[in-house]
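K.L.:
Sequences listed follow chains G and B, in order. Using the numbering used here, you'd call the opening residue of the first sequence number 1 and step up by one each time. Using the numbering used here, you'd call the opening residue of the second sequence number 1 and step up by one each time.
Wrong hints could be hidden among the right ones.
SDA-like mimics (lysine to any residue), calculated; alpha carbons at most 25 Å apart, straight line [unchecked claim]: (1) B/Lys119 with G/Val379; (2) B/Lys119 with G/Val456; (3) G/Lys486 with G/Val170; (4) G/Lys510 with G/Ala374; (5) G/Lys510 with B/Lys119; (6) B/Lys119 with G/Thr381; (7) B/Lys119 with G/Arg411; (8) B/Lys119 with G/Phe84; (9) G/Lys486 with G/Asn158; (10) G/Lys486 with G/Val456; (11) B/Lys119 with G/Val170; (12) G/Lys510 with G/Ala494; (13) G/Lys510 with B/Glu124; (14) G/Lys510 with G/Gly375; (15) B/Lys119 with G/Leu378; (16) G/Lys486 with B/Ser152; (17) G/Lys510 with G/Val379; (18) B/Lys119 with G/Ala374; (19) B/Lys119 with B/Glu133; (20) G/Lys510 with B/Ser152; (21) G/Lys510 with B/Arg116; (22) G/Lys486 with G/Phe474; (23) G/Lys510 with B/Gln238; (24) G/Lys34 with G/Gly91; (25) G/Lys34 with G/Trp99; (26) B/Lys119 with G/Lys486; (27) G/Lys486 with G/Val498; (28) G/Lys486 with B/Leu110; (29) G/Lys486 with G/Phe84; (30) G/Lys510 with B/Gly144; (31) G/Lys510 with G/Leu490; (32) G/Lys486 with B/Glu133.
None of these hints come from the bench; they were simulated from the model. Given the structure is predicted, the values throughout are model-derived calculations rather than measurements.
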Amino acid sequence: MNTRKPPALAVAGTAALVAGSLSPWATFAGYPGKMSLGGFPGGARLFCLLLATGAVLFVLDLGGRRRAALAVGIGAAAVVAVNFAGLMDHGGGIGSVAWGAWLSLAGAGLLTAAAWRLPAGTPAPKEWPVLPVAVEVAAVAAAVLALLGAVVWGLRINESSRFVSFLVFVAFVSVAVHHLGVFEALGVLFARRQRIALVLGGAAAVAFPFTQQGNAYWIRVFASIGVFAVAAIGLNVVVGLAGLLDLGYVAFFGVGAYVGALLSNAALTTVHFHVPFLFVVLLGGCVAAVFGLVIGTPTLRLRGDYLAIVTLGFGEIFRITANNWDGLTRGPNGISGIPDLAAAGFDFGESHALFGVTLPGFANYYFVELVLIAGAILVFTRLNDSRIGRAWVAIREDEVAAAASGIDTIRLKLMAFAIGAFLAGCAGTVNAHVTTQVSPDSYTFLESILLVAAVVLGGMGTVPGALLGSTMLFVLPEKLRSFQDKRLLLFGAALILVMRFRPEGLVPSKRRRRELRERAPEGVPGLPGASGAPPGSPVAG
Amino acid sequence: MSLLEVRGVTKRFEGLLAVDGVDLDVGEGDILGVIGPNGAGKTTLFNCLSGLEAPTAGAIRFRGAVLSGRPDRFTRAGVARTFQNIRLFPHMTVFENVLVGRHCRTHVGLASAIGRGPKFRREEHESEDRAAELLGFVSLDQAGDVVARNLSYGDQRRLEIARALASEPGLLLLDEPRAGMNAQETRATADLVRRIRDRGVAVAVIEHDMRFIFGLCDRVAVLVQGRKLVEGLPAEVQGDARVIEAYLGAPAG
Chain G
1 MNTRKPPALA
11 VAGTAALVAG
21 SLSPWATFAG
31 YPGKMSLGGF
41 PGGARLFCLL
51 LATGAVLFVL
61 DLGGRRRAAL
71 AVGIGAAAVV
81 AVNFAGLMDH
91 GGGIGSVAWG
101 AWLSLAGAGL
111 LTAAAWRLPA
121 GTPAPKEWPV
131 LPVAVEVAAV
141 AAAVLALLGA
151 VVWGLRINES
161 SRFVSFLVFV
171 AFVSVAVHHL
181 GVFEALGVLF
191 ARRQRIALVL
201 GGAAAVAFPF
211 TQQGNAYWIR
221 VFASIGVFAV
231 AAIGLNVVVG
241 LAGLLDLGYV
251 AFFGVGAYVG
261 ALLSNAALTT
271 VHFHVPFLFV
281 VLLGGCVAAV
291 FGLVIGTPTL
301 RLRGDYLAIV
311 TLGFGEIFRI
321 TANNWDGLTR
331 GPNGISGIPD
341 LAAAGFDFGE
351 SHALFGVTLP
361 GFANYYFVEL
371 VLIAGAILVF
381 TRLNDSRIGR
391 AWVAIREDEV
401 AAAASGIDTI
411 RLKLMAFAIG
421 AFLAGCAGTV
431 NAHVTTQVSP
441 DSYTFLESIL
451 LVAAVVLGGM
461 GTVPGALLGS
471 TMLFVLPEKL
481 RSFQDKRLLL
491 FGAALILVMR
501 FRPEGLVPSK
511 RRRRELRERA
521 PEGVPGLPGA
531 SGAPPGSPVA
541 G
Chain B
1 MSLLEVRGVT
11 KRFEGLLAVD
21 GVDLDVGEGD
31 ILGVIGPNGA
41 GKTTLFNCLS
51 GLEAPTAGAI
61 RFRGAVLSGR
71 PDRFTRAGVA
81 RTFQNIRLFP
91 HMTVFENVLV
101 GRHCRTHVGL
111 ASAIGRGPKF
121 RREEHESEDR
131 AAELLGFVSL
141 DQAGDVVARN
151 LSYGDQRRLE
161 IARALASEPG
171 LLLLDEPRAG
181 MNAQETRATA
191 DLVRRIRDRG
201 VAVAVIEHDM
211 RFIFGLCDRV
221 AVLVQGRKLV
231 EGLPAEVQGD
241 ARVIEAYLGA
251 PAG
């Protein structure tokens with residue numbers, strides 16, 4: 001790596017950004033982060049200060065550094081811009097913005113301009129060398145820790161303007177890090193050290209409730225996310241692997257929830273006997289899978305849009321049936337007073353102290369869901385990497401060719417449908433206990449759409465994608481609460497931005513990425529005349 | 001007894017009679033050429049033989065058993081095919097494409113795939129060995145990790161053949177395997193077809209290139225307007241007045 005003298009423009013920009021971050025941004029008191037005071041980087045100013053460290057890109061000869069530096073500059077400008085909006089909204093008018101913010105904005109602008117003129121660096125080698133085990137494991141651990149740290153940090157930020165600044169910060173840091181090839185390297189590492197990565201990831205997930213210092217709020221949110229994530233992984237089998245767009249998927253979740261509720265000996269129920277929960281989870285999954293088969297048998301002959309419309313119809317049929325079948329579901333009242341789970345004298349609703357930290361009741365459900373998620377991940381990844389998974393992908397890519405290659409397409413599609421339904425059903429039974437009541441209005445079309453959105457946003461065909469997608473879909477609306485009526489507007493805008501700039505989702509599978517980024521053909525080493533002719537272009541008649 | 005017996009196969013679309021009472025026999029180790037002018041019903045006939053379309057009338061027997069139903073049944077019975085306008089799984093790798101072809105010869109179910117027992121591993125290894133062997137057979141062994149759509153046109157055609165062979169067929173249907181190829185690639189394709197026959201797989205091939213057909217095939221059938229006009233040895237068909245008339249039209253007067 002060569003070092004060289006940084007351009008004057010970059011030095012000036014960095015200096016201005018640092019100075020601005022340490023100076024007052026507000027002319028009035030009361031803006032989050034004590035922004036009217038100088039001398040320390042309170043509130044969103046910290047993000048600008050951290051972004052300023054990206055100036056090292058001007059002296060390090062790294063591949064992709066120009067785009068990374070651009071992301072740093074534009075990111076800093078975006079953080080300032082968010083706070084300009086916040087300051088003007090709070091204080092009233094442009095006069096409430098103090099000189100520090102203007103200085104930071106100027107610094108960000110100078111940095112962006114300097115990055116624009118930065119020559120591209122030397123790209124890193126394509127093949128990643130195998131490093132000593134300890135180094136690789138440490139890198140994986142650091143990545144997992146960074147993720148957990150980012151989540152905990154983000155959740156601690158209560159003010160919306162600061163949280164949006166944080167999101168902007170994280171987004172642009174991710175873009176910068178992505179252009180430096182770090183994510184690609186991490187992908188290789190995680191694949192190479194898969195077991196360690198899984199164990200560490202699981203450990204981080206288990207550690208999460210301990211970071212909340214007895215506060216139940218986010219643990220409750222994550223208990224909802226956990227249920228949603230299991231269902232999202234199930235939907236990912238259907239949509240991401242087999243390519244069947246199911247817009248009524250939440251019905252399977254609902255079937256599981258009703259099974260769980262009816263067999264829980266709830267206060268207000270129509271079935272009065274109790275079954276051990278372990279059986280209920282599996283039973284809920286199985287009943288949902290049977291529903292999947294029943295719905296799938298007539299509909300899976302349809303393709304694409306037609307299938308989507310028909311599944312939408314079935315989803316509504318489920319909701320309306322649940323709404324009217326008073327004898328079983330108690331109609332619109334639903335089944336309520338579902339008791340907390342209890343096993344061997346351990347009440348899941350009570351808070352427990354562990355390692356000196358009080359874990360609220362929701363943490364127990366969160367841990368149950370982690371087990372369920374682990375099971376779903378096992379099912380997803382192992383099926384994906386088997387003849388069944390390959391057949392699903394083949395069906396998604398070309399159904400006629402798949403059938404002609406000897407794949408029983410109807411059977412395989414039914415299988416995907418049933419497995420997706422099974423996982424959603426299992427998740428539903430847990431959800432019945434988390435929400436303590438089950439009623440038809442929890443299983444609307446909107447819920448199905450949100451599940452599809454979680455899968456598409458996170459990245460189709462991958463487990464981390466489904467997990468990240470469902471987390472974002474729950475955390476964002478919670479965090480944007482103080483925007484009140486503008487909340488859904490911002491949420492929609494975030495979805496549009498992700499889909500515009502990363503159509504393959506945040507953590508896409510390699511194959512999906514190939515499908516959506518047709519413009520960048522991969523190099524074909526050692527093949528004469530491999531110019532990448534698209535199939536079917538020069539067909540003679 | 002012949003490997004494939006086609007008796008009176010007819011396919012009618014709305015008002016159009018695409019295939020009209022065709023009889024055809026393919027024996028073990030045969031290379032049968034199917035030629036005919038555009039629109040003669042050659043591809044429709046192949047679609048019937050591979051289960052992509054159900055014939056309106058007639059019967060298809062393979063190794064003595066009647067074939068009907070969905071295409072995967074035909075493939076499992078031992079009739080594999082390629083397509084006129086190549087249909088690979090474009091975003092899967094070359095190796096994965098061939099592995100998909102193994103689907104109907106493998107049997108691991110849900111539980112075994114999730115549990116990863118010894119049976120699963122044995123079957124996967126066997127499939128991988130077969131796929132590697134087939135890629136070597138079609139000279140694509142260097143390209144296993146390449147994404148299928150990035151292959152050159154000729155390589156895509158050969159990959160499609162490897163995928164079809166992965167299902168261990170007794171009969172391979174090739175629909176215009178040399179379309180879009182130059183003279184050298186055409187010769188290589190003819191050679192490949194002979195080597196496929198030498199593996200014990202009978203081949204039926206649709207082509208417009210007469211030199212290719214008459215140099216390669218043991219017998220040639222000519223389809224004209226859905227009907228089989230002539231069938232016989234290449235030399236007989238080549239000199240047949242009816243065939244010349246079908247291609248060039250009747251002499252004036």
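K.L.:
Let me make sure I understand: some of the numbered hints might not hold for this structure. Which ones are they, in numerical order?
P.N.:
Failing hints, ascending: 2, 5, 8, 11, 16, 23, 26, 28, 31, 32.
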